[in-house]
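A.B. asks: Numbering (the working numbering), first residue to last: -9 to 426.
Source of the hints: derived by calculation from the structure; they are not laboratory data.
Every value quoted in this text rests on a predicted model; they were computed, and no experiment measured them.
Idealized CB from N, CA, C, for every residue including glycine.
Hints are supplied without guarantee of correctness; some may be wrong.
Cut-off 30 Å, straight-line C-alpha distance, at most; resulting in silico cross-link-like pairs (BS3-like, lysine-lysine) [unchecked claim]:
{"#": "1", "residue 1": "K255", "residue 2": "K236"}
{"#": "2", "residue 1": "K266", "residue 2": "K327"}
{"#": "3", "residue 1": "K256", "residue 2": "K266"}
{"#": "4", "residue 1": "K233", "residue 2": "K113"}
{"#": "5", "residue 1": "K340", "residue 2": "K372"}
{"#": "6", "residue 1": "K393", "residue 2": "K372"}
{"#": "7", "residue 1": "K266", "residue 2": "K255"}
{"#": "8", "residue 1": "K233", "residue 2": "K3"}
{"#": "9", "residue 1": "K271", "residue 2": "K340"}
{"#": "10", "residue 1": "K233", "residue 2": "K418"}
{"#": "11", "residue 1": "K418", "residue 2": "K401"}
{"#": "12", "residue 1": "K125", "residue 2": "K113"}
Label pairs and their in silico Cβ distance ranges [to be verified]:
{"#": "13", "residue 1": "Q379", "residue 2": "S244", "range": "28 to 34 Å"}
{"#": "14", "residue 1": "R(-1)", "residue 2": "E415", "range": "40 to 46 Å"}
{"#": "15", "residue 1": "K255", "residue 2": "E10", "range": "38 to 44 Å"}
{"#": "16", "residue 1": "E426", "residue 2": "K327", "range": "20 to 26 Å"}
{"#": "17", "residue 1": "Q117", "residue 2": "E165", "range": "18 to 24 Å"}
{"#": "18", "residue 1": "K255", "residue 2": "R(-1)", "range": "22 to 28 Å"}
{"#": "19", "residue 1": "E165", "residue 2": "E52", "range": "39 to 45 Å"}
{"#": "20", "residue 1": "E402", "residue 2": "R243", "range": "32 to 38 Å"}
{"#": "21", "residue 1": "E415", "residue 2": "R243", "range": "27 to 33 Å"}
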Amino acid sequence: MSISPFEERYATKMNAIFEEENKLRKWIEVEVALAKAHAELGTIPKDATKKIEDAGKKVKLERVKEIEEEIHHDLMAMVKAVTEQAGDAGKYVHLGSTSYDIEDTATALIFRDAIELMENELKQFSQILKQLALKHKKTICVGRTHGQHATPTTYGMKFALYYQETKRNLERLQELKKRILVGKMSGAVGTMATFRGNGFQMQELVMKSLGLTSAKITTQVIQRDRHAEVLFTLSLTAAMLEKIAKEIRNLQRSEIAEVGESFGKKQVGSSTMPQKRNPHKSERVCSLARIVRANVAVAMENISLEHERDLTNSANERVIFPQSFICTHYILLEMGKILSGLEFFQDNIKRNLELTNGAIMAERLMIALTDKGVGRQEAHEKVRQLAIQSFDNKIHLKDVAAKELNQFTKKELDELFDYSTYIGEAEKIVEKATKE
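I would like the entire structure built from these sequences, with the hints used as guidance.
C.D. replies: Take a look at the structure:
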């Protein structure tokens, strides 16, 4: 019976990377690399390596669980299970290493696969944003600051902005690999004492075999600032996805209704209000993003382990590592689907541009006054007073300006209040921002 929704409801391809079976295989992969290094250094017979490798392939997760039930140590349970299958080579399994030589190095292997999956999905997601940005680079809409109508912008600007942020998050993910894709083979407190003078060679051979970098110094564990950085990077991606989802939710409000999530023919919005078309997918993204951010706090707590290590990181990492990756991956996929099916309600977009009776063109009117010789501060105050009149009397700002200002002809005012000609370099900005 599944308890966590990440096992079913929010499951993705990421689940397979963090499942117990894959973790066991990664542990065994590190043990085999250790045996190969021993053989190369002449500290165990060369034929022992093949026997240990073959033994690892025969080990079943169920048997490891049985042993763990008896000895209460999951890593040692794996060691015993491999030893059972390795015959006379069993005495060389796990030679010279401590549990977290295996576990932390295997975690790096798991993270490598997880990061690669995230990279691929972020690249695909960025292309969805790029297509939307270019498609809507001329779709003029009202810009909003502080929840209030500001000046015109375009929907292309919104999506190009998200595109650039996605690219930055992809860069962060790629950049952190040099700090997280590291392993250790340094023993109980990091001194390599059990390898009796071969410690550096041993560690380098193991990491070369696994395609990882050797940590320059460790205690019994690889230091948790590395892992915290991974979760923080995931949280930045989750926060970006939440930002997009929140924008969609706000723009789908009945009073605004400029865009909306796609709505299936048989889809139900509410159990009691048949008319509802709730942005529930975007709300789900916002909800799950909070979990990813919250896990960063736990990862930060794990940095300050006592002395050469304690075990306070171990239990929570079984939760926060898979949960953060799976959760971020899920909402990334969901947001991709949302954006791919996003509906645009052009009539409402145009309606909202006119909602404030021309007030969104006040800035342009102010600048135009300065062209007529009026000082900037004086022009600002004049237009501010005109905007108040327009608002209080529910009269279009252009009409108020025509009555109160003698600097402009009717034709000039008509041109000044044409919002389609006041989007500056928006189109070029979008094209520049989405250029690969």
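A.B. asks: The structure should be examined with respect to each hint, and the outcome stated for every one.
C.D. replies: Evaluation of the provided hints:
1. For a cut-off of 30 Å, the pair hint linking K255 to K236 stands: about 24 Å separates their Cα positions.
2. Taken as a hint, the K266 and K327 pair is honoured in the structure, with Cα atoms around 20 Å apart against an allowance of 30 Å.
3. Taking the CA atoms of K256 and K266, the gap is about 13 Å. The hint holds against a cut of 30 Å.
4. With a C-alpha separation of about 18 Å, the suggested pair K233 and K113 falls inside the 30 Å cut-off, and the hint holds.
5. Of the supplied pair hints, the one linking K340 and K372 holds, its CA atoms being roughly 28 Å apart against a limit of 30 Å.
6. Taking the CA atoms of K393 and K372, the gap is near 13 Å; set against the 30 Å cutoff, the hint holds.
7. About 13 Å separates the Cα atoms of K266 and K255, which keeps this hinted pair within 30 Å; it holds.
8. A C-alpha spacing of about 24 Å is found between K233 and K3, which places the hinted pair at or below 30 Å, so the restraint holds.
9. Pair hint K271 plus K340 holds up; C-alpha atoms about 26 Å apart against a cutoff of 30 Å.
10. Taken as a hint, the K233 and K418 pair is honoured in the structure, with Cα atoms around 24 Å apart against an allowance of 30 Å.
11. Of the pairs offered as hints, the one joining K418 and K401 holds, with about 28 Å between alpha carbons and a cut-off of 30 Å not exceeded.
12. Note on K125 and K113: the hinted pairing holds, with a Cα-Cα distance of about 19 Å set against a maximum of 30 Å.
13. In this structure, Q379 and S244 meet the distance hint of 28 to 34 Å, their C-beta atoms being roughly 30 Å apart.
14. R(-1) and E415 have their C-beta atoms about 44 Å apart, which keeps the hinted 40 to 46 Å range intact.
15. For K255 and E10, the hinted distance range of 38 to 44 Å is satisfied, since their beta carbons lie about 41 Å from each other.
16. Between E426 and K327, the C-beta spacing of about 24 Å keeps the proposed range 20 to 26 Å intact.
17. The hint said 18 to 24 Å for the Cβ distance between Q117 and E165, and at roughly 21 Å that hint holds.
18. Taking the beta carbon of each, K255 and R(-1) are about 23 Å apart, inside 22 to 28 Å as hinted.
19. The hinted window of 39 to 45 Å between E165 and E52 holds, with their beta carbons roughly 40 Å apart.
20. Remark: the range hint 32 to 38 Å for E402 to R243 is upheld by a beta-carbon distance near 36 Å.
21. Judged by the Cβ atoms, the range 27 to 33 Å given for E415 and R243 holds: they are separated by roughly 29 Å.
The structure agrees with every numbered hint stated previously.
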